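**Student:** Listed below, chain by chain, are the residues.
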Amino acid sequence: MRRMVALVLTVGLVWLGAPAAAQAPITAEFWYSFGGKNREVTEAHIKKFNESQSKYRIEGTFQGDYFQALAKIRAAAATKTAPAVFHVIGEAMPQLWQQGLFENLEPYAKGPNGTNVDDFLPGQTQHTYFDYLGKPPAPLFALPFFRSTPILYYNAEMLQAKGLKPPATWDELKDAAAKLTVREGNEIKVYGFEVPVDWWFWFALLHEAGGSLLTPDGKKAAFREKGTEALQFWVDLVNRDRTMKRPPGKDYSAWEVANTDFINQRVAMIYTSTAFLNYMTENAKFKFGTAFLPGKAKQAVPTGGTFFVVARDAPAPQKEAGWAFIKWMTEPAQTISLSKATGYMPIRTSAVNSPEMQDFYKQNPNYKTAIDQLRTAQRFPFSPGLIEIQREVIQPNLEAAVLGIKTSAEIMQAAEAKTNDILSKY
Amino acid sequence: MWVGWGLVGPSLLLFALVYLYPIVYSVWVSVYDWDLATPARWAGLRNYRELWSPEFREVIGNTVGYSVGVVVLSQALGLVLALALNDRTRLSALFQASVFSSYVVSWVAVSLLWVWLLDPQYGLVAYLLSLVRLPAVNWLGDHRIALVTLVLVTVWKTVGYPLVIYLAGLQAIPGDLYEAAALDGAGDWQRFRHVTWPLLTPTTLFLLITLTIASFQGFDIVRIMTQGGPVTATMIYVYYIYEQAFQYFKLGKASAAVVVFFALIIALTLAQWLLFRRRLEYTA
Amino acid sequence: MASVPAAPRVHRVTRGHRLVRGLTLVALAVVAAIEVGPYIWMLSTSLKDLPAVTQFPPSLLPRPPRWDNYAKAWQSGPFLRYAVNNVIQTVGILVLQLGFGCLAAYGFSKVRFPGRDAMFLVVIACLIVPPQVRFVPLYMLFSKLGLLNTYASLIVPYAVSALGTFLIREAFMQISDDILDAARVDGAGLFTLIFRIMVPIARPAIVAFSLFSVVYHWNDFFWPLVMTTNDAVRTLPIGVAMLREEGTGARWHIIMAGSMFVVVPVLAVFAVAQRHIIRAFTFTSLK
Chain A
0 MRRMVALVLT VGLVWLGAPA AAQAPITAEF WYSFGGKNRE VTEAHIKKFN ESQSKYRIEG
60 TFQGDYFQAL AKIRAAAATK TAPAVFHVIG EAMPQLWQQG LFENLEPYAK GPNGTNVDDF
120 LPGQTQHTYF DYLGKPPAPL FALPFFRSTP ILYYNAEMLQ AKGLKPPATW DELKDAAAKL
180 TVREGNEIKV YGFEVPVDWW FWFALLHEAG GSLLTPDGKK AAFREKGTEA LQFWVDLVNR
240 DRTMKRPPGK DYSAWEVANT DFINQRVAMI YTSTAFLNYM TENAKFKFGT AFLPGKAKQA
300 VPTGGTFFVV ARDAPAPQKE AGWAFIKWMT EPAQTISLSK ATGYMPIRTS AVNSPEMQDF
360 YKQNPNYKTA IDQLRTAQRF PFSPGLIEIQ REVIQPNLEA AVLGIKTSAE IMQAAEAKTN
420 DILSKY
Chain B
0 MWVGWGLVGP SLLLFALVYL YPIVYSVWVS VYDWDLATPA RWAGLRNYRE LWSPEFREVI
60 GNTVGYSVGV VVLSQALGLV LALALNDRTR LSALFQASVF SSYVVSWVAV SLLWVWLLDP
120 QYGLVAYLLS LVRLPAVNWL GDHRIALVTL VLVTVWKTVG YPLVIYLAGL QAIPGDLYEA
180 AALDGAGDWQ RFRHVTWPLL TPTTLFLLIT LTIASFQGFD IVRIMTQGGP VTATMIYVYY
240 IYEQAFQYFK LGKASAAVVV FFALIIALTL AQWLLFRRRL EYTA
Chain C
0 MASVPAAPRV HRVTRGHRLV RGLTLVALAV VAAIEVGPYI WMLSTSLKDL PAVTQFPPSL
60 LPRPPRWDNY AKAWQSGPFL RYAVNNVIQT VGILVLQLGF GCLAAYGFSK VRFPGRDAMF
120 LVVIACLIVP PQVRFVPLYM LFSKLGLLNT YASLIVPYAV SALGTFLIRE AFMQISDDIL
180 DAARVDGAGL FTLIFRIMVP IARPAIVAFS LFSVVYHWND FFWPLVMTTN DAVRTLPIGV
240 AMLREEGTGA RWHIIMAGSM FVVVPVLAVF AVAQRHIIRA FTFTSLK
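Residue numbers (numbering that gives the first Met the number 0), protein chains in the order written: chain A, 0 to 425; chain B, 0 to 283; chain C, 0 to 286.
Mixed in with the good hints, there may be bad ones.
Claimed, not checked - Here chain B is said to cover these stretches of chain A; the calculated rule only asks that three of the stretch's residues, wherever they fall, bring their Cβ under 8 Å from a Cβ of chain B:
| id | region |
| --- | --- |
| 1 | 95 to 108 |
| 2 | 385 to 395 |
| 3 | 399 to 410 |
Unchecked claim - Quick list of in silico lysine to any residue cross-link-like pairs, SDA-like style, CA-CA up to 25 Å:
| id | chain 1 | residue 1 | chain 2 | residue 2 |
| --- | --- | --- | --- | --- |
| 4 | A | Lys249 | B | Gln246 |
| 5 | C | Lys71 | A | Pro314 |
| 6 | A | Lys424 | A | Phe129 |
| 7 | A | Lys188 | B | Leu116 |
| 8 | A | Lys109 | A | Ala315 |
| 9 | A | Lys109 | A | Pro135 |
| 10 | C | Lys143 | B | Asp34 |
| 11 | A | Lys417 | B | Ser52 |
| 12 | A | Lys417 | B | Arg45 |
| 13 | A | Lys424 | B | Trp41 |
| 14 | A | Lys188 | B | Ala135 |
| 15 | A | Lys36 | C | Pro50 |
| 16 | A | Lys249 | B | Val147 |
| 17 | A | Lys79 | B | Trp41 |
| 18 | C | Lys71 | B | Ser110 |
| 19 | A | Lys47 | C | Leu120 |
| 20 | A | Lys46 | A | Ala340 |
| 21 | A | Lys36 | C | Lys109 |
| 22 | C | Lys143 | A | Val40 |
| 23 | A | Lys79 | B | Ala39 |
| 24 | A | Lys188 | B | Val131 |
| 25 | C | Lys109 | C | Phe119 |
| 26 | A | Lys188 | B | Arg143 |
| 27 | A | Lys424 | B | Ala39 |
| 28 | A | Lys36 | C | Leu79 |
| 29 | A | Lys249 | B | Ala135 |
| 30 | A | Lys424 | B | Val30 |
| 31 | A | Lys326 | A | Leu139 |
| 32 | A | Lys47 | C | Lys71 |
| 33 | A | Lys297 | A | Ile370 |
| 34 | A | Lys173 | B | Pro119 |
By construction, these hints were calculated from the structure, which means they are not laboratory data. Because the structure is a prediction, the values reported are computed rather than measured. Note that the Cβ used here is the ideal one computed from N, Cα and C, for glycine as well.
All chains should be built: construct the whole structure from the sequences, respecting the hints.
**Tutor:** Okay, structure coming up:
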């Protein structure tokens with residue numbers, strides 16, 4: 000009799016306790032580092048996720064620009080208060096992975112609430128973003144979020160007026176830029192070409208020239224010769240031909256100038272991210288087209304944008320919530336709505352092939368360019384030194400060549416030495 | 000004696016906590032290599048040796064140049080404007096308000112605006128220059144003049160403060176002194192030199208110190224307008240520290256820069272103070 | 000005795016003078032235009048729609064003025080909470096800075112005690128520590144104390160001001176001891192002495208410093224950003240920063256509208272306080 004009572008009580012307690020535990024949603028934080036339209040779109044999706052289920056609740060917060068956010072994440076990791084989910088640029092991932100900031104997502108991906116990793120678009124995923132340098136690949140720790148490639152935007156009306164078609168090679172670009180530049184006396188009213196003097200585009204040019212960043216084992220720099228060629232291409236366009244404008248400012252400030260110039264029809268062709276396609280479409284009062292980046296030895300582009308990661312040091316339930324969120328965000332339905340709202344690419348093959356997107360691309364062919372261009376996507380070496388090479392060696396020094404302070408050969412030589420220094424640490 | 004400590008004690012405790020602790024922390028971190036994520040490694044004096052590079056010397060030069068430019072120009076301009084606006088007319092009040100308005104606006108808002116206005120191709124400034132047949136200037140993109148541009152924008156934004164302070168200082172000067180000087184036959188310039196200027200010494204000192212401190216901490220304008228560029232032409236000290244810490248995650252090197260910064264400014268502030276102290280006693 | 004207007008009454012109006020006056024007026028007009036022009040531009044941009052923003056040559060008066068930009072900016076985040084937080088933060092900091100500052104200034108200027116000058120040098124040393132340097136250690140500290148995302152993390156780090164203490168001390172030092180002795184003879188206690196007698200005399204310095212502090216902290220973007228990881232105590236400048244999209248110049252009109260939320264309150268306060276500020280300076284001490 001007593002055993003029966005005990006059994007009933009136990010079952011009763013468990014039964015009573017279970018719903019109570021399931022009622023309070025597990026809350027987790029998602030730290031992001033963009034404002035404006037992207038922020039609005041993201042917040043709208045976070046809200047949708049929270050409303051679509053009651054087990055988890057994600058709170059998204061703006062944390063400043065990319066570097067401020069990363070600094071806070073590191074400080075938070077040091078005090079064990081890192082958010083469950085955040086996003087990072089690809090180049091930073093090898094180092095952060097090595098420093099133990101990321102949770103290994105393979106168990107989650109294969110688990111009951113898993114996701115079909117094979118459906119991700121080639122070129123979008125962690126494994127197709129990186130070249131693992133002959134070593135076994137790192138486990139899955141990142142899912143693609145907002146991903147992009149650089150594309151050529153051109154003012155269709157200006158090109159048509161001069162009887163030009165969008166350039167497909169460096170020489171054609173040089174030629175077109177010269178024909179499209181409008182001068183009035185000594186002043187340039189309209190530039191033929193503009194591109195931020197930035198690591199991302201230099202990386203494209205490096206590979207287009209047939210070069211690569213590091214040796215196949217990732218131990219030494221390999222970019223000196225072709226990197227010089229790439230940089231010199233810009234130097235000549237700016238200083239010798241005077242058909243290219245170098246937008247002032249560093250990092251995104253320069254990108255902003257290039258975009259504004261294009262919208263204001265102060266430049267005929269620019270390289271920038273496909274991420275700004277919505278912005279251009281909404282604001283350009285002229286017909287414009289998009290095309291692959293012109294190639295030299297071959298056509299080549301890097302991919303860009305950010306990946307979702309889960310913090311290793313967050314408490315387990317929060318990590319579970321974080322995974323549920325990023326899995327949901329990378330599902331075909333969400334990637335379609337995110338892509339259409341921003342201009343970033345959808346990350347799933349099934350999404351790209353869906354009738355909805357196929358229809359969308361028929362009506363907006365400009366959006367298809369980046370997707371098609373993925374077949375020329377280049378991989379980044381999975382080296383912890385990658386982010387340092389970008390931020391300390393290449394990015395700050397490209398300007399000096401275009402400004403005529405140093406020659407491209409000098410800069411690349413110094414860059415090579417510094418890169419080898421950095422790599423020797425790993 | 001306990002009264003003394005009782006009065007300054009609470010302040011000192013807070014100062015120790017929120018200012019000195021970070022300095023001590025910086026001194027401590029400056030002898031390590033630390034990136035916030037992995038455990039720190041001992042570096043000894045290597046960060047200081049690494050710090051002493053041509054780039055760093057340029058940073059110091061830029062900071063001093065920027066500071067001197069801002070302090071001298073904004074104070075001089077503030078004084079000149081105050082002298083011109085020193086009457087109680089409505090028009091003056093309107094002028095004062097317009098000049099002061101840019102002081103209270105946030106840096107973020109105005110910096111973005113100025114980037115746009117200064118665009119050499121189609122900014123408003125280029126347009127106005129073209130109206131008087133002057134060539135466009137690459138204000139922010141030319142590494143030879145970028146720092147001057149930042150000085151000018153800073154002066155534009157902050158001149159309202161010395162203006163208000165000088166105005167107040169001027170209006171505190173008794174009118175009878177001027178009348179007496181005029182009766183003695185003193186002209187405008189002499190009145191200024193022998194009455195106005197000496198009596199403004201405390202105000203000038205006040206502004207000198209306030210503006211110097213503020214300009215040495217200049218940060219937002221660089222962050223928004225040039226990010227230290229082109230290359231390192233506008234890299235000023237605090238931005239340099241920020242970049243080392245937040246972008247390169249070299250907290251050791253950033254901390255070494257902090258310690259050096261600290262030492263330099265103590266020396267500078269003491270020098271300024273001692274230099275002007277004697278002048279101050281003259282007016283007491 | 001209040002001072003008399005400083006412009007001397009006795010002078011001969013010559014043609015030279017008129018010319019100088021004329022040129023001065025023109026120069027002032029140019030200065031005013033340069034000073035206020037960009038600010039008017041902000042206002043003008045905030046009322047445009049997107050095509051008008053990117054058009055060149057730009058127009059001044061948008062037709063029709065898009066007041067809904069303000070609504071859009073306001074709705075983009077919890078701006079009301081940001082505004083309230085901004086006020087709490089700025090006022091809280093000012094009150095503490097003045098409170099601690101006056102007490103310490105008195106101690107450093109009018110009380111003799113061993114170690115006084117050494118301690119004052121310590122205060123001076125704090126004058127030049129910028130917030131970028133203080134962030135990491137204080138973030139860690141407040142995080143460990145569980146005080147992140149609280150008003151304390153925004154106010155306490157600025158509760159004492161080396162500049163304020165220094166300036167108020169300078170002002171206090173100018174006050175003759177006779178006044179203090181007389182007050183003590185009249186039975187004034189310490190707090191009365193400091194706050195009822197000395198502070199009014201030191202009003203110019205205190206007002207000048209308060210102006211500096213309010214403008215600085217109201218517009219401070221960096222500290223509230225790095226010390227907070229959620230919206231609980233965030234301030235207006237962060238709200239405005241969130242309107243920016245990096246890489247595009249997209250929504251200038253909304254960014255400028257948002258910026259106005261930061262700007263207008265301070266301008267309003269200044270407009271009201273302007274006369275008081277000027278009057279504060281014309282009060283001279285009684286001998």
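**Student:** Work down the list of hints and note, for each, if the structure agrees.
**Tutor:** Comparing the hints with the structure gives:
no.: 1; hint: 95 to 108; result: holds (count 4)
no.: 2; hint: 385 to 395; result: holds (count 4)
no.: 3; hint: 399 to 410; result: holds (count 3)
no.: 4; hint: Lys249/A - Gln246/B; result: holds (13 Å)
no.: 5; hint: Lys71/C - Pro314/A; result: violated (37 Å)
no.: 6; hint: Lys424/A - Phe129/A; result: holds (20 Å)
no.: 7; hint: Lys188/A - Leu116/B; result: holds (17 Å)
no.: 8; hint: Lys109/A - Ala315/A; result: holds (17 Å)
no.: 9; hint: Lys109/A - Pro135/A; result: holds (19 Å)
no.: 10; hint: Lys143/C - Asp34/B; result: holds (19 Å)
no.: 11; hint: Lys417/A - Ser52/B; result: holds (15 Å)
no.: 12; hint: Lys417/A - Arg45/B; result: holds (17 Å)
no.: 13; hint: Lys424/A - Trp41/B; result: holds (15 Å)
no.: 14; hint: Lys188/A - Ala135/B; result: holds (12 Å)
no.: 15; hint: Lys36/A - Pro50/C; result: holds (17 Å)
no.: 16; hint: Lys249/A - Val147/B; result: holds (18 Å)
no.: 17; hint: Lys79/A - Trp41/B; result: holds (23 Å)
no.: 18; hint: Lys71/C - Ser110/B; result: holds (22 Å)
no.: 19; hint: Lys47/A - Leu120/C; result: violated (57 Å)
no.: 20; hint: Lys46/A - Ala340/A; result: holds (16 Å)
no.: 21; hint: Lys36/A - Lys109/C; result: violated (58 Å)
no.: 22; hint: Lys143/C - Val40/A; result: violated (34 Å)
no.: 23; hint: Lys79/A - Ala39/B; result: holds (17 Å)
no.: 24; hint: Lys188/A - Val131/B; result: holds (18 Å)
no.: 25; hint: Lys109/C - Phe119/C; result: holds (13 Å)
no.: 26; hint: Lys188/A - Arg143/B; result: holds (24 Å)
no.: 27; hint: Lys424/A - Ala39/B; result: holds (15 Å)
no.: 28; hint: Lys36/A - Leu79/C; result: holds (21 Å)
no.: 29; hint: Lys249/A - Ala135/B; result: holds (21 Å)
no.: 30; hint: Lys424/A - Val30/B; result: holds (19 Å)
no.: 31; hint: Lys326/A - Leu139/A; result: holds (13 Å)
no.: 32; hint: Lys47/A - Lys71/C; result: holds (21 Å)
no.: 33; hint: Lys297/A - Ile370/A; result: holds (18 Å)
no.: 34; hint: Lys173/A - Pro119/B; result: holds (23 Å)
Violated hints for the displayed structure, listed by number in ascending order: 5, 19, 21, 22.
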